[in-house]
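Novice: Residues per chain, in single letters:
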Amino acid sequence: MILAQVVVVPEDVNELFDWPPLFDGVNRVVLLMWLAALLAFLFLWLPYRRPKIVPGKLQVISEAMVDFVRNGIGRDIIGPESHRYEWLLLPMFFWILFMNLFEITPGINFPPTARMAAPALLAALVWVVFFAIGIRRHGLGYLYHTLVPPGVPKALLPLVILIEFITVFFVRPISLAVRLFANMLAGHIMLTVFFLTTAAYFTLGPELLVWPIPFAFSLVLVGFEAFVAILQAFIFTLLTAVYIDSSIHVEH
Amino acid sequence: MTPEAASLLGAGLAYGLAAIGPGIGIGLVVGNAVQAMVRQPEMAGQVRTTMFLGIAFTEALALFGLLLFFILFGQAG
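Protein chains in written order, with numbering that gives the first Met the number 0: chain B, 0 to 251; chain D, 0 to 76.
Keep in mind that the hints were calculated from the coordinates and are not lab data.
Just so you know, these numbers come straight off a predicted model, no measurement behind them.
Careful: at least some of the hints might be erroneous.
What the hints assert, rightly or not - Simulated DEER-style distance windows between Cβ atoms:
(1) D:72 - B:49: 49 to 55 Å
(2) B:223 - D:20: 21 to 27 Å
(3) B:19 - D:70: 22 to 28 Å
Built from N, CA and C at the ideal position, the CB exists for glycine as well.
Take these sequences, add in the hints, and give me the full structure.
Specialist: Now the structure itself:
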C-alpha cells in the first residue's frame, strides 16, 4: 500500500480509534469534552461579568449568538414561555458548538461528538426533559394526546398507537443522537481521507503536481465542515425546542 | 460467499441504498423551500427554519444507513 509507506500505520487499525486512558477512565475524548465545557462557560461568563453599554468584541459575538439561540430558536419554536427552558437550550448549544468546532481546530482535529458518549448523554437528557414536561403539564393526558392523533378510525387505533409510541419514545432520542454523531464522524473521516491523500502525494512525488488537487479539496472541506459544525449544533438545539414544544402544546 | 464477503457487500449496499431516498427527499424539501422563499420573501426566515427541520428528519434515514455500514464493516474486519 502506498499510504502505508508514507503514513505510519499501526499494526492494528483499531488503535487509531481506541484511545488508551491517560489516567483512570479519562482519555482524550473526555479531556476535549471538559475543554469544550470550559470554553462554553467562559464564552458565556466573561462578557457578562462586567457588561458594558458599548460592548467589546467578545461581548458583541456572545450577545449575537445568545440572542440567536434565545429568540431564533427558543421563542420562535416554543413561544412566550421559552425562557423557562433556556437553562437547557443555551448551554447545550454552546457545548455542542465548541465540541464540533474542535473538528477543524488545527492541532486538535477531532470532534468529541464523533464518539457516541456526548450525543447519547444529551439525547437521554432531552428525552427525560420532554417526557417530564409533558407529564407535569398534562398528566396522563400527555400520553393520550401524543399517542392518539385526532381523526383516526377506531379499527386502526392499536396499530397507530404502537407506531406513535415507537416513534416518539424510541426513534426520537435515537435519531437525535445518531444525527449528531454520524454527521460529525462522517465529516471527520472525510477530512482525514483528504489530508492523508495530500500527504501521500506530496511525499511520493511533489514534482507530479497531483497534490494540489486533494489539498484544494481539503481546504474547501474545512470550510464546509465549519458550516456543518454550526448547523448540527443549531439542528440539535432546534429539535430539542421542537420536542419540548410538542410536550407543552399537545393538542396539535 | 464467505461471511466476510457478505458483510462487506452488505455494508456497501446498505449505505448506497439508504442514500437514495433521503437524497430525493432533501432535494424536494430544499427545492420547495426555495420556491416558497422566492414567492414570499418576507417569510424567508421562517421557511428556512422549517427547511432545516425537514432536512434533519429526512437526513436521519441516510445516517442510519451510514451507521449500518460501520456495523457491517466492523463485522467483516
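Novice: Next, verify each hint and record whether it holds.
Specialist: Each hint tested on the structure:
{"no.": "1", "hint": "D:72 - B:49: 49 to 55 Å", "verdict": "53 Å, holds"}
{"no.": "2", "hint": "B:223 - D:20: 21 to 27 Å", "verdict": "23 Å, holds"}
{"no.": "3", "hint": "B:19 - D:70: 22 to 28 Å", "verdict": "24 Å, holds"}
The structure fails none of the hints (numbered hints given earlier).
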